[in-house]
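A.B. asks: Below are the chains, spelled out letter by letter.
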Amino acid sequence: MSDKSLICAIETSCDETAIAFIKDGNTVLSNVVSSQIDTHRAFGGVMPEVASRLHIEQISLVLKESLAKAKVHMDDVDAIAFTQGPGLIGSLHIGVLASKTLAWYFQKPLVPVHHIAGHIYANAFVTKLKFPLLALVVSGGHTELVYMKEDFDFEVLGTTQDDAVGEAYDKVARVMELGYPGGPAIDALAKQGSTQYVLPRIKTEKPLDFSFSGLKSAVLQLILKEQRGQRELNKANLAYAFQEAVLDELLLKLKKALEIVDVRQVVLAGGVSANSRLRERLTSMMENYPDIALSIPPLWCTTDNAAMIGAAGAVAFTKGIRADFSTSASAGLDL
Amino acid sequence: MRTLFIDTAHRHLTVACVEKGSIVSLVHLEAFKSQSEKVMSAIGDCFAQAKWPPKSLQAIVLTQGPGSYTGVRIAMTIAKTLASVADIRLYTTTTLQLLAAAKDHCFVMLDARSSRVYGAHVHQGQLAEEAQIYTIEQVQKIRQKNKELTFFGDLHLIGEEDRYEDIEAGILSCIDRAVRVNDIDSLIPLYLKSSEAYKL
Ligand SMILES: [Zn+2]
Chain P
1 MSDKSLICAI ETSCDETAIA FIKDGNTVLS NVVSSQIDTH RAFGGVMPEV
51 ASRLHIEQIS LVLKESLAKA KVHMDDVDAI AFTQGPGLIG SLHIGVLASK
101 TLAWYFQKPL VPVHHIAGHI YANAFVTKLK FPLLALVVSG GHTELVYMKE
151 DFDFEVLGTT QDDAVGEAYD KVARVMELGY PGGPAIDALA KQGSTQYVLP
201 RIKTEKPLDF SFSGLKSAVL QLILKEQRGQ RELNKANLAY AFQEAVLDEL
251 LLKLKKALEI VDVRQVVLAG GVSANSRLRE RLTSMMENYP DIALSIPPLW
301 CTTDNAAMIG AAGAVAFTKG IRADFSTSAS AGLDL
Chain U
1001 MRTLFIDTAH RHLTVACVEK GSIVSLVHLE AFKSQSEKVM SAIGDCFAQA
1051 KWPPKSLQAI VLTQGPGSYT GVRIAMTIAK TLASVADIRL YTTTTLQLLA
1101 AAKDHCFVML DARSSRVYGA HVHQGQLAEE AQIYTIEQVQ KIRQKNKELT
1151 FFGDLHLIGE EDRYEDIEAG ILSCIDRAVR VNDIDSLIPL YLKSSEAYKL
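Protein chains in written order, with our numbering: chain P, 1 to 335; chain U, 1001 to 1200.
Since the hints were derived computationally from the structure, they do not count as laboratory data. Among the hints, a few may not be true.
[Said to hold, decoys possible] Subject to a maximum C-alpha distance of 25 Å in a straight line, what follows is the list of computed SDA-like cross-link-like pairs (lysine to any residue):
#1 P:K71 - U:G1044
#2 U:K1033 - P:L333
#3 P:K69 - U:G1044
#4 U:K1033 - P:K128
#5 P:K69 - U:W1052
#6 U:K1051 - P:F106
#7 U:K1055 - P:Q107
#8 P:K69 - U:D1183
#9 P:K108 - U:E1165
#10 P:K64 - U:K1051
#11 P:K23 - U:R1089
#12 P:K108 - U:A1050
#13 P:K128 - P:F325
#14 P:K64 - U:D1185
#15 P:K64 - U:R1089
#16 U:K1033 - P:L294
#17 U:K1051 - P:I89
#18 P:K69 - U:A1086
#19 P:K71 - U:L1172
#20 U:K1051 - P:F325
#21 P:K64 - U:A1059
#22 P:K64 - U:S1056
#23 U:K1055 - P:D78
[Claimed, not checked] Output of the computed footprint for chain P on chain U, the stretches with three or more beta carbons under 8 Å from beta carbons of chain P:
#24 1034 to 1046
#25 1067 to 1075
#26 1080 to 1086
[Stated by the list, open to error] Residues of chain P clear of chain U, computed beta-carbon distances all greater than 10 Å:
#27 I56
#28 E57
#29 P132
#30 V175
#31 T195
#32 V198
#33 K206
#34 A257
#35 P290
#36 A293
For glycine and all other residues, C-beta sits at the position ideal for the given N, C-alpha and C.
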């Protein structure tokens, strides 16, 4: 593979305005991300209208900075890759329109990319993907097991029935008063915790699906029970119990999937892949599968960014996947 | 100067190529909630009709609002993107100016949803004041007090037939009165309502 290409990639699906220039599918020439996290922290979560407003404020700055850092000219670009969905519709619109504008002005092909494909292909920056592969996608909006027979062939084996894993972290962090975003806060606090509390294990109808809302309610019940009993809550131990329960669920379903599909590689993807305990437990679990390679994305490429869209876009570009001017952003786009 | 005019804030999508004070090509169509799918093809068609290569573009005049939040951001994204990668001057105007065109004296109004409108008085062909939010009752009062005043825009909101000025006159009146944007990065839409109202 690794065809020669220069991709301009644009990602605005949630709360980051991001533009990257990617050479040959795995070399980052620039990767500029303007995060809105500080604004959304004040609201305790991402506010869609606020996110759209911040994207329109950032788009020209991010584009100019990314071009300058990459030291390329738009005329030299082979294609414009963009996140078509899923995500917040108002946010997606900005990136989709900026991409169409560049494609029109510079007469370049447009390559639509699914956000999750981007997260999976973030692994292209550290390894050569080996197919068939199984991806465990964990983020604020997604929890999925994705089977890929070959490049750009996606089959969702399991998905969450309620909250995404990152969402569960955020909600539990809120009831524990740990602030937003919840993932890093719980991960850090759990390091100081140990076994004290017991949270129920989850059952789902389909064996490869996930569910986290029961766990979130169980945490709430436990806090209330401790309050009623006038016992002081050990937050570190609760964070530990919650995190272990979440990871048990993720790894159990991954194990079950590995019984069903034969793969050469397991890749971790999505914002929650930055979680240190997940990395640790997944690595040790995969030691039991010596024939299956494990890829964990570099920390810089776990949260939303455009480099990953460029990596996926480079593959989609060589596969001939194209969008046109009538292509629209899709909040609920299927993989 | 080869100028692209864009308005995406209203039910209609308006795109025009304008040079030396005259309209070379124009696309004006109904595009309720489909502005973002239609706008680039409309621009492409306009340029093809005008026989302008995209890179011959020198200036953009866009409506900064008020109007649909998603809508105003469409034209603005296009303008800010182009001005970031090419030597293209940006100028802003308002949707109310487009609707009022060069009418000497009138009241112009645009649906702001939730029984409210964006409105302004027009004197001597331009907005006499900054656009404001009015309730329907407030507009009706203005209507009753000024029997001789002509009303333009989304008049169905006050029980009359919508009335829009000639679109070509509207575009030219906007271009005449447009204001140069010096700092494209800080250009933002004219929302008129704060985002606080959209917390959830
Ligand atoms: Zn993501």
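A.B. asks: Evaluate each hint against the coordinates.
C.D. replies: Going down the list of hints, with the structure as the test:
no. : hint             : in the structure
1   : P:K71 - U:G1044  : 29 Å, violated
2   : U:K1033 - P:L333 : 18 Å, holds
3   : P:K69 - U:G1044  : 30 Å, violated
4   : U:K1033 - P:K128 : 42 Å, violated
5   : P:K69 - U:W1052  : 31 Å, violated
6   : U:K1051 - P:F106 : 16 Å, holds
7   : U:K1055 - P:Q107 : 10 Å, holds
8   : P:K69 - U:D1183  : 21 Å, holds
9   : P:K108 - U:E1165 : 38 Å, violated
10  : P:K64 - U:K1051  : 29 Å, violated
11  : P:K23 - U:R1089  : 31 Å, violated
12  : P:K108 - U:A1050 : 21 Å, holds
13  : P:K128 - P:F325  : 33 Å, violated
14  : P:K64 - U:D1185  : 10 Å, holds
15  : P:K64 - U:R1089  : 16 Å, holds
16  : U:K1033 - P:L294 : 45 Å, violated
17  : U:K1051 - P:I89  : 34 Å, violated
18  : P:K69 - U:A1086  : 17 Å, holds
19  : P:K71 - U:L1172  : 40 Å, violated
20  : U:K1051 - P:F325 : 19 Å, holds
21  : P:K64 - U:A1059  : 19 Å, holds
22  : P:K64 - U:S1056  : 21 Å, holds
23  : U:K1055 - P:D78  : 18 Å, holds
24  : 1034 to 1046     : holds (count 8)
25  : 1067 to 1075     : holds (count 4)
26  : 1080 to 1086     : holds (count 7)
27  : I56              : 5 Å, violated
28  : E57              : 6 Å, violated
29  : P132             : 36 Å, holds
30  : V175             : 18 Å, holds
31  : T195             : 38 Å, holds
32  : V198             : 34 Å, holds
33  : K206             : 32 Å, holds
34  : A257             : 36 Å, holds
35  : P290             : 49 Å, holds
36  : A293             : 40 Å, holds
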